[in-house]
Amino acid sequence: MISRSMFMAVLTASVLAAGAATAQDPAHRPGEEAVEPYAVADANAGATPFTGTEMLEAFHGQAGIDRIVDSMFDQARADTRTQGIFVATDMVRLRRTVKEQFCYVLGGDCGYTGRSMADAHDDLGLQPADMGALVEHLQNAMTAEGVPFHTQNRFLAKLAPMRRDIVTR
Amino acid sequence: MDRRTIALTLFLSALAGGAEAQSFIPDARAGGKLLLTGGVSTVEGSGGGGIATWATVTGYGEEDGIGANAHATLVDLPDYQFRTAGVAVGLWDRVELSAARQEFDTGDTGALLGLGQGFTFTQNVIGLKVRLTGDAVYDQDTWTPQIAVGVQHKMNDQDAIISAVGGKDDQGTEFYVAATKLFLAQSVLVSGTVRYTNANQTGLLGFGGDANDDREAQFEGSVGWLLSRNLVVGAEYRTKPDNLSFATEDDWFDVYAAWAVNKHLSVTAAWADLGSIATFDDQRGLYLSLQAGF
Numbered sequence: 317m318i319s320r321s322m323f324m325a326v327l328t329a330s331v332l333a334a335g336a337a338t339a340q341d342p343a344h345r346p347g348e349e350a351v352e353p354y355a356v357a358d359a360n361a362g363a364t365p366f367t368g369t370e371m372l373e374a375f376h377g378q379a380g381i382d383r384i385v386d387s388m389f390d391q392a393r394a395d396t397r398t399q400g401i402f403v404a405t406d407m408v409r410l411r412r413t414v415k416e417q418f419c420y421v422l423g424g425d426c427g428y429t430g431r432s433m434a435d436a437h438d439d440l441g442l443q444p445a446d447m448g449a450l451v452e453h454l455q456n457a458m459t460a461e462g463v464p465f466h467t468q469n470r471f472l473a474k475l476a477p478m479r480r481d482i483v484t485r
Numbered sequence: 002m003d004r005r006t007i008a009l010t011l012f013l014s015a016l017a018g019g020a021e022a023q024s025f026i027p028d029a030r031a032g033g034k035l036l037l038t039g040g041v042s043t044v045e046g047s048g049g050g051g052i053a054t055w056a057t058v059t060g061y062g063e064e065d066g067i068g069a070n071a072h073a074t075l076v077d078l079p080d081y082q083f084r085t086a087g088v089a090v091g092l093w094d095r096v097e098l099s100a101a102r103q104e105f106d107t108g109d110t111g112a113l114l115g116l117g118q119g120f121t122f123t124q125n126v127i128g129l130k131v132r133l134t135g136d137a138v139y140d141q142d143t144w145t146p147q148i149a150v151g152v153q154h155k156m157n158d159q160d161a162i163i164s165a166v167g168g169k170d171d172q173g174t175e176f177y178v179a180a181t182k183l184f185l186a187q188s189v190l191v192s193g194t195v196r197y198t199n200a201n202q203t204g205l206l207g208f209g210g211d212a213n214d215d216r217e218a219q220f221e222g223s224v225g226w227l228l229s230r231n232l233v234v235g236a237e238y239r240t241k242p243d244n245l246s247f248a249t250e251d252d253w254f255d256v257y258a259a260w261a262v263n264k265h266l267s268v269t270a271a272w273a274d275l276g277s278i279a280t281f282d283d284q285r286g287l288y289l290s291l292q293a294g295f
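Chains A and B are the protein sequences, given in the same order.
Just so we're aligned: the first sequence equals residues 317 to 485 in my numbering.
Just so we're aligned: the second sequence equals residues 2 to 295 in my numbering.
Derived from the structure by calculation, the hints contain no laboratory data.
Please read all numbers here as calculations on a predicted model, not as lab measurements.
Glycine is no exception: its CB is placed at the ideal position from the N, C-alpha and C atoms.
No incorrect hints appear here.
DEER-style ranges, computed between Cβ atoms:
hint : chain 1 : residue 1 : chain 2 : residue 2 : range
1    : B       : T134      : A       : L440      : 24 to 30 angstroms
2    : B       : W272      : A       : D435      : 50 to 56 angstroms
3    : A       : A434      : B       : V256      : 39 to 45 angstroms
4    : B       : A100      : A       : E352      : 50 to 56 angstroms
5    : A       : A357      : B       : L75       : 54 to 60 angstroms
6    : B       : Y197      : A       : G368      : 46 to 52 angstroms
7    : A       : G462      : B       : E104      : 44 to 50 angstroms
Among chain B residues calculated to face chain A with C-beta under 8 angstroms, some are:
hint : residue
8    : R30
9    : G32
10   : G33
11   : K34
12   : L35
13   : E63
14   : E64
15   : D65
16   : G66
17   : V138
18   : Y139
19   : D140
20   : L185
21   : A186
22   : S229
23   : R230
Partial pick of chain B residues on the chain A-facing surface, computed with a CB cut under 8 angstroms:
hint : residue
24   : D28
25   : Q141
26   : D142
Generate the whole structure from the sequences, applying the supplied hints.
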């Protein structure tokens, strides 16, 4: 009979093997788990940035973006509809890369160092209803930050087409 | 391998097989759509605005879910009262099934028309809509709208009176193509539908008539401006045939506000101009609709 400890040992060994085979990516930061190497490019952000400073100002700059992203993921992890998505997620890295992405798309002076939306989501198996719930978390976060509704929609219009890469089933 | 190992292996394979089979069963998650993006219920029971059908599939189910709702609508006109109630189901954001019962109450006007005090026309409408392509909400990097086709079959209960006023049939079938697009960056929704129909006053006065019996293309359209996540205001227009020589039939128009209390309850209020109906002109009044569902 396969014992539980044997199973755990096999699991641990596979995780170690996977870790050893993975080189650190150029965008790796201390405190984050390693990911498979990939080509870093702003195009991975999945949207063309706004020009001018109007959008960034409406989001209260980097500090506002940080609050919005943190609030969005705090809600997503507390919401029974979406908390299961994040059980194996490196939240340190996720929060950092999404803050970069939002800053880049809103026209801030940021580069995006994360993976493409397709690469970042291809193993997650997200469903359309997950996407809807995450958009609601973002809307709540933007409203709490005081971003006007019509400005929120301008930003959401940039993110909306990413659904094709985010939702995989 | 001992017997217990074999049993465990068999059990695990069965579980894996079960999981495999389960992936072929469609998901049924409720509430995947964003507030108001399923539309409200038209007077014919289909998902859309109030008098214009949209390409959206009713309810809050996304492609991984189902939605359903019930509605009741009252249009209080100077010489008539128009009431509808119905139920609709949206399946995996692909197929919409709807059923509605319309009552057109002539009240005091019934006596003046020689029909009798409080005479009421009733009509049942069953509808099927299929989304062909596009996503009205998420396809924000293209001008392509969400497109759906649909059919509505309408059965009126007043064959004798319809014949007396020159109508040809007490039941009819209409076909339509609808295109709906949310321009999210502008917070504006635009929808247009071409309906192939010969219905008189949407079928309440029958189908075809002494002036014209053929189906023809008619247009219905909505625009909406999103004021917040749960409030949209806008206007609608609907062209109609004019098949009966005894009375002119006018196009319909309304200005509306739809408020979603949450994903289970919405209220739509409008000022509707239904023009001349059965020789009584200027039928303008309050439109009020409640929709409950998920």
